[in-house]
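Enquirer: Residue numbers (this note's numbering), protein chains in the order written: chain A, 11 to 521; chain B, 9 to 648.
To be clear, the hints were calculated from the coordinates, so they are not data collected in a lab.
Don't take every hint at face value.
Taking lysine to any residue and the SDA-like style, the derived pairs with C-alpha atoms no more than 20 Å apart in a straight line are [said to hold, decoys possible]: (1) B/LYS294 with B/TYR284; (2) B/LYS238 with A/TRP212; (3) A/LYS157 with A/VAL169; (4) B/LYS238 with A/LEU121; (5) B/LYS238 with A/GLN132; (6) A/LYS214 with B/LYS238.
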Amino acid sequence: MWHLVGSMPQTCPGPSSHLSLLSPAGRQDYDLLVIGGGSGGLACAKEAAQLGKKVAVVDYVEPSPRGTRWGLGGTCVNVGCIPKKLMHQAALLGGMIQDAPHYGWAVQPVLHDWRTMAEAVQNYVKSLNWGHRVQLQDRKVKYFNIKASFVNEHTVCGVAKDGKETLLSAEHIVIATGGRPKYPTHIEGALEYGITSDDIFWLKESPGKTLVVGASYVALECAGFLTGLGLDTTVMIRSIPLRGFDQQMSSLVTEYMASRGTRFLRGCTPSRVRRLPDGQLQVTWEDLTSGKEDTGTFNTVLWAVGRIPETRSLNLEKAGVNTNPNSQKILVDAQETTSVPHIYAIGDVAEGRPELTPTAIMAGKLLAQRLCGRSSDVMDYDNVPTTVFTPLEYGCVGLSEEEAVARHGEEHVEVYHAYYKPLEFTVAERDASQCYIKMVCLRKPPQLVLGLHFLGPNAGEVTQGFALGIKCGASYAQVMRTVGIHPTCAEEVAKLRISKRSGLDPTVTGC
Amino acid sequence: MGRLRNAGGLPLLVTAISGSREPPFLVRTHLKWGFCQTDPGQGREGQEQTLPVPTDVYHIFLTKCFICCVPFRHFPETLNGVFLNEFSPVVGVSPGSSFYSSDDGANVQEVLSEITNQRTVPNIFVNKVHMGGCDRTFQAHQSGLLQKLLQEDSAYDYDLIVIGGGSGGLACAQEAAILGKKVMVLDFVVPSPQGTSWGLGGTCVNVGCVPKKLMHQAALLGQALSDARKFGWEYHQQVKHNWETMTEAIQNHIGSLNWGYRLSLREKAVAYVNAYGEFVEHHKIKATNRKGQETYYTAAKFVLATGERPRYLGIRGDKEYCITSDDLFSLPYCPGKTLVVGASYVALECAGFLAGIGLDVTVMVRSILLRGFDQEMAEKVGSYMEQHGVKFLRKFIPVLVSLDGSPGKLKVVAKSTEGPETIEEIYNTVLLAIGRDSCTRKIGLEKIGVRINERSGKIPVNDMEQTNVPYVYAVGDILEGKLELTPVAIQAGKLLARRLFAGRLEKCDYVNIPTTVFTPLEYGCCGLSEERAIEVHKKENLEVYHTLFWPLEWTVAGRDNNTCYAKIICNKSDNYRVIGFHVLGPNAGEITQGFAAAMKCGLTKQLLDDTVGIHPTCGEVFTTLEITKSSGLDITQKGC
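This is chain B alone, in the form it adopts within the complex (with noise of 0.2 Å):
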């Protein structure tokens, strides 16, 4: 409403009148009443019912048209169909429209009288062309006029090209051609400096979640063939694992998946291009495909989805010799002996599964765990490694990496970041995990002048994900401030071009969105850190349940009691609401998701004490919490 209002209608007007492609932004939800019918995704929302009759002048900007209408409850039914009904499928107009509702009705009103020697309502121009009221429109409608302007001015190739055809931007695309525009998608992977490449679906299918998850799942087979020893199972020999299997069977997963992905663009008429896109300029891009064939193509509208890729430490031998989970999911020989540099999620991630088959390896850690992470959190997660056999080196860095005498020995050089002392060893594999770098520097945005964070590259975006030039969106792990995570960008990439196509209004909500660490104890979250809590609400209005607890499969199976760990950070000032939720355990993701969902709703400390716990689960544990952490009082578990 503010955005609108501080704008002014008469603006908004003369660049409609005049043919700009940009309509203003929907704003007013009670408007979405006129639409509805040609929407097949909107029925759910349903807010149409109960609208209030807006009184003030109302203008509609469709793609194409413009119409001044006022009051609203007066827009003729007839042209209503003449619009929505009959038009909608052949030239889009439902996906591409705006309502908007003007302050300043009367200046509004008096131009267009000028303009258009009109003053009765509605006033309808089509494709910069005044066609007049009511009637003369519907008049063209039968004379064949009205289609005919219509169907003009495809000056563009595309309604919309989406560059990434990671998870945001494949979500972004496919969701537009559901709603009937013309939509491109450039996907290029280019090779890390170790050769590694791979095809369509972005980090989370290729180097990401999918393949981490399913390793993760191969370490925790592992120890669940030593618990299964407990439970009766009986096999004799030390149980080996073969690396190559194990990255066989996931990178045919992984095929599958790209294989999926082509499908559904073709599916869905979405155009994808394999071929690496830059600006050239305002509404134009170049792909340069891997021959290096250079191709132009123009669009209404652009989404940036192009995530990022490893960072790299820029010292001796980086590039030479070690690699990144770009390389590790597909890497063709075990790892072995591996040195993990980093603290981030994905150095954890790695070091826990890599441990969890039997290698041998080191975290090297500058300063601390899972930064931005709740840090009691990531200490557990770090203690519960260590203890399960994964060495860590905290507050070193590497210096130098170079190769000792053979192949597939890497002498590592590193020095302390407290004093002078420097250390040594020989690693068969050194990973890098230390950061990742947005792929926003050689796409040509300078061209067009997309304004970056020219410290971090990522690109500011309003809460619509616009960039600063108005027809270009960005999505996904480039965004400035927001999360790095798939189903964020899926959501966001979906409502984006439902805001931009179908007049929907709806905005991807960055608040609460859970997530989950796949470490061997896995992690998961949702809300704010205890440290971000207190910062946010101050230590006094908070209340700190938590508890120790032991999952029932743990019992037989011998393993350590008193390690998994729940906690909620509750606002004592706002009715005891959960503001944080972190859970330690095994199936951490799984749990969380539904706690996530009750924040969502306002979730309370009294509601998670009236709720009925499933038993015997974990995640019951959160319908029993008692023992705050100001009280001191052990959580220590004896017994059940």
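In isolation and in its complexed conformation, chain A is listed as follows (with noise of 0.2 Å):
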């Protein structure tokens, strides 16, 4: 039920008379068209196939301007999450390797080819993307590789890669295109010369040395895994870094860093950057302190210095689909519907919700459900744990310090915190400092916990029960009586005894 056409159609589809949402396909091609194969939409597009609607998914990836391209699956898959966390892991075994002597193997120092890194990386995600198309095909959703824009509130005009155009309509449609990383506007020679978190996951060669610019997530994490893998690596921050997140943690996320031998240049912004003659880049930056110009050489600048929603082309003035003036990301309401009633935005392209592909999954699901008539739950978007997979992990839950004080006033407020060290870290003589828990709570009995953050190895896994406590409601009292593990890191979780306020030395000894 899918036309070819040759040219835009002459006549569109006339606004749909709104059938019920459980007949099948009615005058529609599709129950649901989803727009963008990422997180969200794949999962949004194989619960509504699974619960016997009709769908359809469009994806189209434009190459990145360096000409980076890639599979069905999104950022997270593509050039996000799994090969972020597999570059993160080559980079902890390179610790390892450094930590083997002392536990009694014999290994002499070694070097990292990043070429079987990259290959293993790129292998194993496309294996993900034919994992999705079969996925897809095994639930009857249509998958289409084109890139979608809208001709009316029903109707999507698709153009695949020769040029072809796909018309394609349906009853309900989700946006889901995501976003890709911004490019500085006014710098010159950023476009030509720089590459992004789109790129960086899918270069043959290694980048060498190499400038990060920005203090997002992504750039900490980068930063991190190319230091890990020996490589001379500089972050170029402007302002703070990790904004959004707990300010303390930040600077012990970015001081760990510092200590494993990332460069860090605060407070300067780049001016240009140029390529010399034996292919280096030149850049030139401005500290703004002091305001004096400073120049370094590179092989390689990373920009990641923000995300931008994939809206413009989607031409959503047609379906009548606002957006925000500023971020350029659709306005939602609880339900994920957009201004038009059929249409719904999920994942980071909506505007407000976290950035996060489990987010986008589960508001993808539920979205499904709702429209199938299976249930009427909206997507919780509050304490939603998260962990940036620097060298030294950060996961949080629930509020950063300042929000908590923010909200509740610091007298309402108590924090329990701890620094600890892994007992893996003592044999390998591996310095601690920045090994570091607290635990925000209201201060009032029952002390509900109102944020975790946890900073050591294996962040993310230690956060994820966590986040559960919060969610049930858990107070410090009954984190408290939670027998620890021993010996593990999240025991230290279970016995957060000393205020901040006590003022008392936060330090762990013994066991």
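Taking the hints as your guide, dock the two standalone chains into a single complex.
Expert: Listed below in structure tokens is the structure:
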């Protein structure tokens, strides 16, 4: 039930007379059309198909300015969480090789080969692309590799790589096109010579000496693994690292990175990038405090200065979907509905949503269930846990200390904290100065836990379970009544006895 | 509550007046109000603010005072000041205090007035001496008589003697000392049959959790080295492992921990005596040091925390030639080809890391793996080990261990548990890990009548860790029917000290205690095993959700898919509450801890489904569990 047409259609299908949500495809080609084959879009499409709907997914990856492109699955799978965690793992393994002699392994200092790693990571990502294709097929979701834009509020026109156009209509349309890295517009040479996270994971050769510009988690994660792989890496930060995260934790994250060899240029902003005759990139920047200019040469300049939503090519005005003019993100309500009642937006493209894969997946699934009348549950965007995979991982859920104080007042917030030493660090003679935990609670009994912040190995694994506790409305006392698992890092969370207010030394000693 | 009601107010009153050292238990939580200001650790509990005002008769037992007062809200502010604020640092009124609500208040009043010829309240005794009412007490305070009375009677050397300087004993001793008590710790390590001994800190630090996790880490690093090639790290030679380097590093760390404990005891003014303690009479203990010198100490209260030691087989050659976990971690040479006897978690953990550092390891198992743990998980733990080079000899038991010519070669003869078949094999090392026995039979417990389970040697206690002899308490591995885990002992020890000396109420909660087995593939769990859940709740009331998963780090490393496994057991008849949590995979301990906290808060399947995962982690698999075991659907993972 889809048409291949050579040019834009002469007539567009008229506005739908709203059919029952539960009816099979009526006047439209599909019950549900999902624009964007990333985490959220695919989850929504698969769920709806499983519940008996006729579903199509359109996905198209516009090549990056460097020409990088990839397969089905969106940011997370191709240029986000998956390759970044794998490269982070490669860097961690480098650290383990350094630990190993302390534990009796007779291994000499070794070098890292980017090609081997990149090929292995890319092969795995390709297997995931394929897996997504198979899953769509298994669930009878129609997949189109076309770039979509709205023709009217029920119809989308897609253009394939070879220019062929396809017209698709659907009862309900979900926009899940995500976002792409931003390039600075005012810096000479930025676009010509710089790369972004869209490219780094697909480089065939080592990026060499790298300048990472930005202070987002993307910037710090990339700089972290590049340093860990033995590359000379510099991060240039205009103001503060990890904006929006707890700032005490952020500074510990960067402190650890600096101690492991990442260079930081704080309070600096680049002004131009030039290619030197030998192919190296010469970057000129301004130190904002002194006003002085400085230059350095790098093999690679990676921009990680933010992301922009993929909304501009969608012709949203044809469908009447409203966006925030500043962020360009799509405005949605709690049901993920846009300004047009049968058009929805989920994931990174939606205004005010956390840009996280599992949130998009859950939002997509719940949306599909609501569309199919299976549930009326809406997505709860509160207390979403997350982890930053910097060399020392940072896991958090709930409020930062700043946010808790802002909401409840300093007098009503109690913060319990500890500096601890992972057992594995002892024999390896690793410095644990930044291994730190803090739990932000209401001061008034029963001292509800507002936020948990964990800095140390396996922070993601540690944080996940506690996120549930916070979801269950855990109090400080309940967490303290939980018996620890010895010897782990996570047990330190259940042993947080020192409050910041007490002024006592929060360093954990002994067992 | 029930306990006190049964006990009745009268006998307690009489013992208090006649000078018994055992104040009755503090039972009513709503009475904590009176003392919260003198207990620095207590403010957090937060129950004080919402107290109902009691109406019945209240008696307040302090260590050295007895006060009758009715009703509680009329407790004189002035006295509160005298006893709690002014004297608590000197006489420790607050830590030893107990409140008691009497149901037969009228009787108590009658007896009191008979003894004292006083009908008004409060009616105050100090150290067995009747003081009188509020005014008289105040006068005594001003004249100094009260202080004098309170300072008398130091018949015992210590408020508390703890026997055993392991996790539980040290935690209890230090907490008591923080609360201002005079405390002694006796610790003495009887050398193993192979002559191994160690410093202060007990099993966990010296021959348990700490060294085993570090050796496990050494084995994981071996795995990491081979993964590393796939991730682009280049190195040439076959990497060899050096046992001595590892052991020395680990022993150095343990040495620093031993030292840390010594320091910590000194800082808290806990007397530490490196001597073997045994009871000689009530409230009195004999301490024998390494040189055989004997010293006697007395105390008002005792805590037994002697722990356990590995069991021997009782066959020919076992004590001469075999080692146990007491010896392994400080073994001065590489154990070489090793036979591990037993299927406890100790056995499997040791076998796992020995194989992980490249040794030829065989595990001899009499019947099942990891008894008491979920058997599906246990079998998966075993089969992963088997796939990674550990040999298993199932249904065999050793009957003879002898020297095979040269030292370092041991011949082991074993027989089948099912037939006449016997096998023999040469090993360099035989490690026994068949269980542990409580150190309770040689500490003079019979002298003071502390009851032990004759068969197991374990000590039965009530839910306050109190033995049948009221002033003797016990914590840790020697408790009957409790878990043998360091953090449990620590928690129990601390809470016990707070109940004994700070008037606190909180008991150690032995339910839903999480634990992790550090086998090559780690196994973390909390709550019930599937077998136990079926026993307790019946199969039809349960829903089990499960899945296999493939950690992201394993994909590129080319490690086995469909090996890691997650399972939860839900009680359908209780809102799908999660009553069992099981995970098999890397970092299982780190994953399990938070879920255990969530189970404390009443985790349900719905809450798991509503929680957003952290991507990409292993822990997130629990937020997307869809397949029930009863559906019989395939749980193998294809692709992502």
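Enquirer: A separate judgement is required for each hint: does it hold in the structure or not?
Expert: Cross-check of the supplied hints:
1. B/LYS294 with B/TYR284: OK: B/LYS294 and B/TYR284 at ~8 Å, within 20 Å.
2. B/LYS238 with A/TRP212: 17 Å, holds
3. A/LYS157 with A/VAL169: 5 Å, holds
4. B/LYS238 with A/LEU121: 13 Å, holds
5. B/LYS238 with A/GLN132: 13 Å, holds
6. A/LYS214 with B/LYS238: Judged against 20 Å, a Cα distance of about 16 Å means the pair holds.
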